[in-house]
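Asks: The residues making up each chain are set out below.
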Amino acid sequence: MNSLILNTISKTLLPLLVLFSVFVLLRGHYLPGGGFVGGLIAAIAFILHAFANGLNETKKILRIHPGFLIPIGLLIATLSAIAPMIITGEPLMTGLWYEKDIPILGKIGSALFFDAGVYFVVVGICLTIIFTISESV
Amino acid sequence: MTWFASLLPISLFIYFSTFAKGVMNGEIFNFFTSWVPSLGINLDFRLDNLALLFTLLITGIGSIVFLYTSQYLKGHPKLMRFYVFLSVFMGAMIGLVTSNNILTLFIFWELTSISSFFLISFNNTEKASRKSAIIALTITGLGGLALLAFGVLAGQMTGTYSISEMLQSPEAFASHEYTGYLLLFLFLATFTKSAQFPFHFWLPGAMKAPTPVSTYLHSATMVKAGIYLLLRFTPHFEANPQYFNIMLIVGGVTMLYAAINTLFKTDLKGILAYSTIGALGIIVFLIGIGTSASITAAIVFIVVHALYKASLFLVTGTIDHQAGTRDITQLAGLRKVLLPLSIAGIIAALSSGGFPPTVGFLGKDLIYEATLHGSISPALLTTLAVITNIFMVFAGLLVGVKPFTGKLPEALGPIKKPHFILWFMPMILAALSLLFGLFPSMVQSLFTNNITPLLTGENSPHLAIWHGFNLILLLSGITLVFGLGLYFLWKPSHQKEDAIAKIEGYAPKAIALQFANLFQKTSYFLTRTFQNGYLRRYVMIILVLLTIVFGIHIFINPRIFLSLTEIKSLNWNEIVVLLMMLISILFTVFTKSRLTAIAGMGVLGYTMCLIFIFYGAPDLAMTQFSIDTLTVILFVLVLYRLPKYLNLSNKTNRIRDAIVATSFGTFLAFTIIEIMNENPVKGVTQYYAENAYTLAKGKNVVNVILVDFRGFDTMIEISVLAIAAIGVFGLLKLYLKKHEK
Numbered sequence: 010m011n012s013l014i015l016n017t018i019s020k021t022l023l024p025l026l027v028l029f030s031v032f033v034l035l036r037g038h039y040l041p042g043g044g045f046v047g048g049l050i051a052a053i054a055f056i057l058h059a060f061a062n063g064l065n066e067t068k069k070i071l072r073i074h075p076g077f078l079i080p081i082g083l084l085i086a087t088l089s090a091i092a093p094m095i096i097t098g099e100p101l102m103t104g105l106w107y108e109k110d111i112p113i114l115g116k117i118g119s120a121l122f123f124d125a126g127v128y129f130v131v132v133g134i135c136l137t138i139i140f141t142i143s144e145s146v
Numbered sequence: 033m034t035w036f037a038s039l040l041p042i043s044l045f046i047y048f049s050t051f052a053k054g055v056m057n058g059e060i061f062n063f064f065t066s067w068v069p070s071l072g073i074n075l076d077f078r079l080d081n082l083a084l085l086f087t088l089l090i091t092g093i094g095s096i097v098f099l100y101t102s103q104y105l106k107g108h109p110k111l112m113r114f115y116v117f118l119s120v121f122m123g124a125m126i127g128l129v130t131s132n133n134i135l136t137l138f139i140f141w142e143l144t145s146i147s148s149f150f151l152i153s154f155n156n157t158e159k160a161s162r163k164s165a166i167i168a169l170t171i172t173g174l175g176g177l178a179l180l181a182f183g184v185l186a187g188q189m190t191g192t193y194s195i196s197e198m199l200q201s202p203e204a205f206a207s208h209e210y211t212g213y214l215l216l217f218l219f220l221a222t223f224t225k226s227a228q229f230p231f232h233f234w235l236p237g238a239m240k241a242p243t244p245v246s247t248y249l250h251s252a253t254m255v256k257a258g259i260y261l262l263l264r265f266t267p268h269f270e271a272n273p274q275y276f277n278i279m280l281i282v283g284g285v286t287m288l289y290a291a292i293n294t295l296f297k298t299d300l301k302g303i304l305a306y307s308t309i310g311a312l313g314i315i316v317f318l319i320g321i322g323t324s325a326s327i328t329a330a331i332v333f334i335v336v337h338a339l340y341k342a343s344l345f346l347v348t349g350t351i352d353h354q355a356g357t358r359d360i361t362q363l364a365g366l367r368k369v370l371l372p373l374s375i376a377g378i379i380a381a382l383s384s385g386g387f388p389p390t391v392g393f394l395g396k397d398l399i400y401e402a403t404l405h406g407s408i409s410p411a412l413l414t415t416l417a418v419i420t421n422i423f424m425v426f427a428g429l430l431v432g433v434k435p436f437t438g439k440l441p442e443a444l445g446p447i448k449k450p451h452f453i454l455w456f457m458p459m460i461l462a463a464l465s466l467l468f469g470l471f472p473s474m475v476q477s478l479f480t481n482n483i484t485p486l487l488t489g490e491n492s493p494h495l496a497i498w499h500g501f502n503l504i505l506l507l508s509g510i511t512l513v514f515g516l517g518l519y520f521l522w523k524p525s526h527q528k529e530d531a532i533a534k535i536e537g538y539a540p541k542a543i544a545l546q547f548a549n550l551f552q553k554t555s556y557f558l559t560r561t562f563q564n565g566y567l568r569r570y571v572m573i574i575l576v577l578l579t580i581v582f583g584i585h586i587f588i589n590p591r592i593f594l595s596l597t598e599i600k601s602l603n604w605n606e607i608v609v610l611l612m613m614l615i616s617i618l619f620t621v622f623t624k625s626r627l628t629a630i631a632g633m634g635v636l637g638y639t640m641c642l643i644f645i646f647y648g649a650p651d652l653a654m655t656q657f658s659i660d661t662l663t664v665i666l667f668v669l670v671l672y673r674l675p676k677y678l679n680l681s682n683k684t685n686r687i688r689d690a691i692v693a694t695s696f697g698t699f700l701a702f703t704i705i706e707i708m709n710e711n712p713v714k715g716v717t718q719y720y721a722e723n724a725y726t727l728a729k730g731k732n733v734v735n736v737i738l739v740d741f742r743g744f745d746t747m748i749e750i751s752v753l754a755i756a757a758i759g760v761f762g763l764l765k766l767y768l769k770k771h772e773k
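Respectively, the protein sequence lines represent chains C and P.
Taking this note's numbering, the leading residue of the first sequence gets 10, the next gets one more, and so forth.
Taking this note's numbering, the leading residue of the second sequence gets 33, the next gets one more, and so forth.
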């Protein structure tokens, strides 16, 4: 699509939307949000950019193929799941929490990392599927 | 350098030998690790004398087979794979005979079936191999299911899955309401595994495997797993006469049937297969007699049979390897080129026939001793045993002696001398047959004395080569004379084999194959009807089925209440949203353009998000909103390049679709209304709501459920999504490039 307005606005919107998606991811534990919806928002941000500027431009910004985000996400989620087994010897997926509050983020626990894993997997999946399809039609 | 794989069975053999002394002194070694204690499944291994006997057989014959294979399959491209399967099998077999937990025993049992499948189909480029492997897997797999049923049932009846602890509730095995089922399942499992009539037919087919496999799995060890289980459960069923009578009948039929069949085979391995079935029949028959003497005879015969049959199989393998044929009508005079092999073959054949002074003679002695003192009709039992043994003498001589005597036919061409491993390995086994025969006290001290007295109150018989002149010696003599006579008078030929093939249409194998064909045809028919590849058909079948289910439910039990007050309390904004929904649905259904239909769907999704927001589910609304956006994008991408909207379905189809859709929607709505009227189960919801902050330190219950309470589900879900993405990528990207076409 060659629309000057969409071109310009999408370039500005991309970082904002990605930032927003991270915000949604982080607030998930206390307020509506979470890794899944955050990932979807980030994916939409990139897809909007791709629509306005062409797939190749978006790929340049991403640097890596979005498919690589899937194993990264799965790895983070798996590590956060087995972390309690290694660190404290508790069963799989027991929540581990850091006692003190951290500015901006609030409480940090293994669940947050798990959610981050979900976030990456969702971004990876959406972008892989949509990029693949749009390249092949 | 392939011989190093043999170090595994050899070292295991040495390892298990170190227990021999303790076990002989009556010690029992236990190895216990909890696995799933809440279900009663534990890695509970118990090495008693019966288990030790089998582990020594498995690892001992395993060592010989591993070494033999290193030459037999020398240079084979898949030799390492072969060793892997063989090692898996050996491990599973050791696990099977040492397990004291019926459920872990079941797992090992299945593992032996599966490794056997891979070994039978080792030459997987041949259709016959693949077919035999599937038949074997089907039959033994059926038995495996029965074993699981037996294990679970026995566990329920006795309250434990530990085999040794089950002994403490003898009434479950003797006269419980469900004892009949226990017997049925146990016999189904053991008779399929140990190739008893009418399940025997998978075993001759399994001879398609390379000869070392036939040696190891299909004569010396795996097929004895069923026997092992029968022996293991003999103390449990001691007070149950049915247990023994059924074995007596089935074993008797099997041994006679298989023994007669050996007359009509021309393939060396075919003869050995049927004589193996016959031997298994004899063992089951002996256990069925149900005296201490008969069980001792069965145990000695297991060792005797393993030694001579493995030896004969290896001899056959070497003949096949060197001469290139296993056809008994063509083989003769090989002693001139394969002298050491012929010695091994002849000794094994003598042991197989029960000639003194081999261990086979002892075995036969014990069999006659057992039948003569049998509980029911000793005369009949002894006659059956004599007849079977005559055929066994014949079969042994045919395989072990016939290829080596007479004049070497020129048709065989020049025959090379085998590598020394190829004759030395069968020689070791043959020598052991001779050694144990010369020193029966070794057998006695090694095996029989120390097998737990399986039946109380009786002593096991004394073993000796010379008992003096008595009836047993006479019977042995008769057997040998008639066996020799049969060997000299009956010449196997292809005509005879073809003649018997004509009546095989009524054999159990043909019946089973017909059943399998019918099964296949039915499943083809069902698949073609319900899964014809058109997505619309799948959707319609699912909807129709659900409509029927909902419809029946509502018809039987109508509990739908719509209160006017609730409808009146709708806000104006809710009414607007509902109207938008209705319009977008109608728009989607009646539009003539794909893109507008998609846009209509998108609007519908967004209005649903609004409903979620009105009723306090912001999480759901956010997700639904994003998903809808992505779905519309996906649809547009896919449909962008499709041809113009065409009206492909005719009027009747459209009316049918409309009826299906509206009735499904209506019934679904009714069901939802009904669910709303019920008092939902509060337990789980309340638990999550109350504990979200205390246990998981989160205030957003939905998210806490996703990442913590039900985190494992999420884990699996993202894995599934990842697989889906890889699937899409693979389907669309991994096409052949131009130069690869």
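Hints are supplied without guarantee of correctness; some may be wrong.
[Said to hold, decoys possible] Distance condition first, Cα-Cα at most 30 Å in a straight line; then the derived DSSO-like pairs of lysine-lysine:
| no. | chain 1 | residue 1 | chain 2 | residue 2 |
| --- | --- | --- | --- | --- |
| 1 | P | Lys676 | C | Lys109 |
| 2 | P | Lys624 | P | Lys541 |
| 3 | P | Lys676 | P | Lys553 |
| 4 | P | Lys439 | P | Lys159 |
| 5 | P | Lys541 | P | Lys528 |
| 6 | P | Lys729 | P | Lys676 |
| 7 | P | Lys53 | P | Lys110 |
| 8 | P | Lys528 | P | Lys159 |
| 9 | P | Lys624 | P | Lys553 |
| 10 | P | Lys528 | P | Lys439 |
| 11 | P | Lys163 | P | Lys683 |
| 12 | P | Lys449 | C | Lys20 |
| 13 | C | Lys68 | P | Lys765 |
| 14 | P | Lys439 | P | Lys553 |
| 15 | P | Lys106 | P | Lys449 |
| 16 | C | Lys116 | P | Lys729 |
| 17 | P | Lys368 | C | Lys116 |
| 18 | P | Lys765 | C | Lys69 |
| 19 | P | Lys439 | P | Lys449 |
| 20 | P | Lys731 | C | Lys109 |
| 21 | P | Lys553 | P | Lys523 |
For the record, the hints were derived by calculation from the structure and aren't laboratory data.
Note that the coordinates shown come from a computational prediction; the quantities given were computed from them, not determined experimentally.
Asks: For the pair supplied as a hint, lysine 553 of chain P and lysine 523 of chain P, is the alpha-carbon distance within the 30 Å limit?
Replies: 42 Å, violated
Asks: Verify the proposed pairing of lysine 731 of chain P with lysine 109 of chain C, using a straight-line Cα cut of 30 Å.
Replies: 17 Å, holds
Asks: Does lysine 553 of chain P lie within 30 Å of lysine 676 of chain P when you go C-alpha to C-alpha?
Replies: 41 Å, violated
Asks: Is the hinted pair lysine 106 of chain P and lysine 449 of chain P satisfied, with a Cα-Cα distance of at most 30 Å?
Replies: Roughly 15 Å separates the two Cα atoms, so the pair holds.
Asks: Take a quick look at whether lysine 528 of chain P and lysine 439 of chain P sit within 30 Å of each other, Cα to Cα.
Replies: Cα-Cα ~23 Å, so holds.
Asks: Just to be careful, I want the Cα atoms of lysine 53 of chain P and lysine 110 of chain P compared with a cutoff of 30 Å; is the pair within it?
Replies: 39 Å, violated
Asks: For lysine 449 of chain P and lysine 20 of chain C, compute the direct alpha-carbon distance and say whether it is at most 30 Å.
Replies: Judged against 30 Å, a Cα distance of about 81 Å means the pair is violated.
Asks: Would you mind confirming whether the straight-line C-alpha gap from lysine 439 of chain P to lysine 553 of chain P stays at or under 30 Å?
Replies: 52 Å, violated
Asks: What's the verdict on lysine 528 of chain P and lysine 159 of chain P, does the C-alpha distance respect the 30 Å limit or exceed it?
Replies: 26 Å, holds
Asks: Run the distance test for lysine 68 of chain C versus lysine 765 of chain P: straight-line Cα separation, threshold 30 Å.
Replies: Distance ~17 Å between lysine 68 of chain C and lysine 765 of chain P Cα, so the pair holds.
Asks: Taken at face value, is the distance from the CA of lysine 676 of chain P to the CA of lysine 729 of chain P at most 30 Å?
Replies: 54 Å, violated
Asks: For the pair we were handed, lysine 368 of chain P and lysine 116 of chain C, check the Cα-Cα distance against 30 Å.
Replies: Since the Cα atoms of lysine 368 of chain P and lysine 116 of chain C sit roughly 87 Å apart, the hinted pair is violated (cutoff 30 Å).
Of the numbered hints listed earlier, those contradicted by the structure are 1, 2, 3, 4, 6, 7, 9, 11, 12, 14, 17 and 21.
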